[in-house]
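The task is simple: from the sequences and hints, build the whole structure.
Top line first, the protein sequences correspond to chains A and B.
Residue numbers for the first sequence, in the numbering used here: 4 to 413.
Residue numbers for the second sequence, in the numbering used here: 654 to 805.
Hint data in this document are derived by calculation from the structure and do not stem from the laboratory.
Watch out, some of these pointers could steer you wrong.
As the list claims (entries may be wrong) - Quick list of the computed label-pair ranges, beta carbon to beta carbon:
(1) E668/B with G346/A: 35 to 43 Å
(2) S310/A with E668/B: 37 to 45 Å
(3) T721/B with E251/A: 29 to 37 Å
(4) G216/A with N780/B: 55 to 63 Å
(5) R28/A with E800/B: 25 to 33 Å
(6) L671/B with S171/A: 54 to 62 Å
(7) K5/A with I711/B: 48 to 56 Å
Cβ atoms here follow ideal geometry from the backbone N, Cα and C, with glycine treated the same way.
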Amino acid sequence: MKNYVIVGNGIAAAGCIEGIRSLDRESPITVVSEEKRDVYCRPLISYYLEGKTDLTRMRYRSESFYRDMGCRVLYGRTAVSAEPEKSRIVLGDGTVLPYSDLCVATGSTPFVPPFEGLETVGNVFSFMTLDDALALEEALFPDSRVLIVGAGLIGLKCAEGILERVKSVTVCDLADRILSSILDSECAALMQKHLEAHGIRFLLNDSAVRFAGDTAWMKSGAEEKFDILVLAVGVRPNVSIVRDAGGEIGRGIRVDTEMHTSIPHVFAAGDCTESFDASSGQNRVMAILPNAYMQGHAAGVNMAGGSERLDSMIPMNSIGFFGLHAMTAGSYEGETEEEKTDGSIHRLFVKDGYLKGFILIGCSDRAGIYTSLIRDRIPLESLDFEMLKKAATTAAFPADIRRKKFGGIV
Amino acid sequence: MRGNEPMKRVYVNEEWCLACHLCEYNCAFANSGVSDMVLALKGKSIYPRIHVEGDERISYAVSCRHCTDPVCVRSCIAGAISKDGGVVRIDRERCVGCLTCVLVCPYGALAPGEDGVMQKCELCLKNACGEPACVKGCPNRAIVYEEREEAL
Chain A
4 MKNYVIVGNG IAAAGCIEGI RSLDRESPIT VVSEEKRDVY CRPLISYYLE
54 GKTDLTRMRY RSESFYRDMG CRVLYGRTAV SAEPEKSRIV LGDGTVLPYS
104 DLCVATGSTP FVPPFEGLET VGNVFSFMTL DDALALEEAL FPDSRVLIVG
154 AGLIGLKCAE GILERVKSVT VCDLADRILS SILDSECAAL MQKHLEAHGI
204 RFLLNDSAVR FAGDTAWMKS GAEEKFDILV LAVGVRPNVS IVRDAGGEIG
254 RGIRVDTEMH TSIPHVFAAG DCTESFDASS GQNRVMAILP NAYMQGHAAG
304 VNMAGGSERL DSMIPMNSIG FFGLHAMTAG SYEGETEEEK TDGSIHRLFV
354 KDGYLKGFIL IGCSDRAGIY TSLIRDRIPL ESLDFEMLKK AATTAAFPAD
404 IRRKKFGGIV
Chain B
654 MRGNEPMKRV YVNEEWCLAC HLCEYNCAFA NSGVSDMVLA LKGKSIYPRI
704 HVEGDERISY AVSCRHCTDP VCVRSCIAGA ISKDGGVVRI DRERCVGCLT
754 CVLVCPYGAL APGEDGVMQK CELCLKNACG EPACVKGCPN RAIVYEEREE
804 AL
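Dropping the structure here:
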């Protein structure tokens, strides 16, 4: 009999629970949940504010999930340290939890730079958790002027989610373009134009440096008035439990392809980790929901004595704003192959005969075929790449491989 | 939960496919909830859950493979896709149209409906047709519904 402990109660934890239970129906699982909530779909908080979902539909699993899975959940509790030599963790209230196998799925925390005068701002919010979204919602009024610091995925989804509920939304960022972590200048400009056409205002190459009450002073010297301030500058993986116990840390908790940390019987999964990126061959933080679930699942299977390896994980994003979708994946290395129209960009990155990455804006049909070429490292010489440059299609595969892929012929 | 789950799936024989696209129309009709095909489809853009791919040399119809270990289920940010009784289903009430499933499906088998919300082949098991309409209406038996030994 094992005794599993999972720190965190997000998507990676849900994956871990399901991974464990795919092999071990008996041993107890204890989940330490900082939020006083069951697992929910965090990426939907902007859709919630937009009215496209509600608290019930945002549940990630059914109400009976933890009961069905035989889990004990400690809500509103935090783990402060791990003592691997004693195979136990310690919670903030002093409770000690012994484990046979531990999964650290602590996610990340919004990073708040030391802005001068931030304490003088009444309405300041992060945009990470459902509680953040609910608190922001309370403050929204039709005449609110909103300033969002950070034009990344979180800041822009927030902007889209609240635009119709407020008077104005301005987004500022030190970077010279929006979505700078996933888009190059040309692609970012296309998306920015689209967002501006819907009424979002941008201050790029510039960011707030000082606040006083309802005023922000920008790096450029400009003054910006606001009623609500949202800080979406970035996030930092929550690594302290593993770091303080002597585990290896890079930009996140280092895990191998089976989700082991450097400490025996301690696994980690989700946004708190950095792991092998098959597109670049490097370790990276790949904080996206699909990877969190898959890493959690793999951790769970391996904790339960099974074997699940994740050696084809890559960074990827599918993100849409007001009907225009951008899909990105992999690494932007090597030669580019592109097709453009007025409202779309179709850009593939090819290196050493392999597809390494892509950016698709406004033309994302069947993009998963490209994703699979990156993940499975399919040599492009084995395919009709001329055909694939124009659009993703399995017709570009050799007939025998395609037939096998689709289940063989009669 | 995973592993052996013998079940019937939709398969194509690309050498028999005539690229007539009838499967797309039959699919759209079967999922329209309307009992008259003309009323359901005439003069409208269709959003079928199966589509014909290929070029002048070869053609074949693509629909959900109902994978043993579906990457769409694991990737859905809304928890809206699940696998139940061998069939991968989507809860359209929960889908927010983020298209993450399109980003991950290696078969290119998923596309959104007219409203931007995802829809997918659920083998017509829950609509009025009761069995895959694409198979039933294929004039050249290029699409079949049968059980095969394979692991997708």
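Against the structure, the hints:
With their beta carbons about 38 Å apart, E668/B and G346/A fall inside the hinted range of 35 to 43 Å. Restraint check, S310/A to E668/B: a C-beta distance of roughly 39 Å satisfies the suggested window 37 to 45 Å. The hinted range of 29 to 37 Å is satisfied by T721/B and E251/A, whose Cβ atoms lie roughly 34 Å apart. Separation of G216/A from N780/B is about 59 Å and conforms to the stated range, judged on CB atoms against 55 to 63 Å.
At roughly 28 Å, the beta-carbon separation of R28/A and E800/B lies within the given 25 to 33 Å, and the hint holds. At about 56 Å, the CB distance of L671/B to S171/A agrees with the hint of 54 to 62 Å. The given range of 48 to 56 Å is respected by K5/A and I711/B, whose C-beta atoms sit roughly 52 Å from each other.
Violated hints for the displayed structure: none, as all numbered hints are satisfied.
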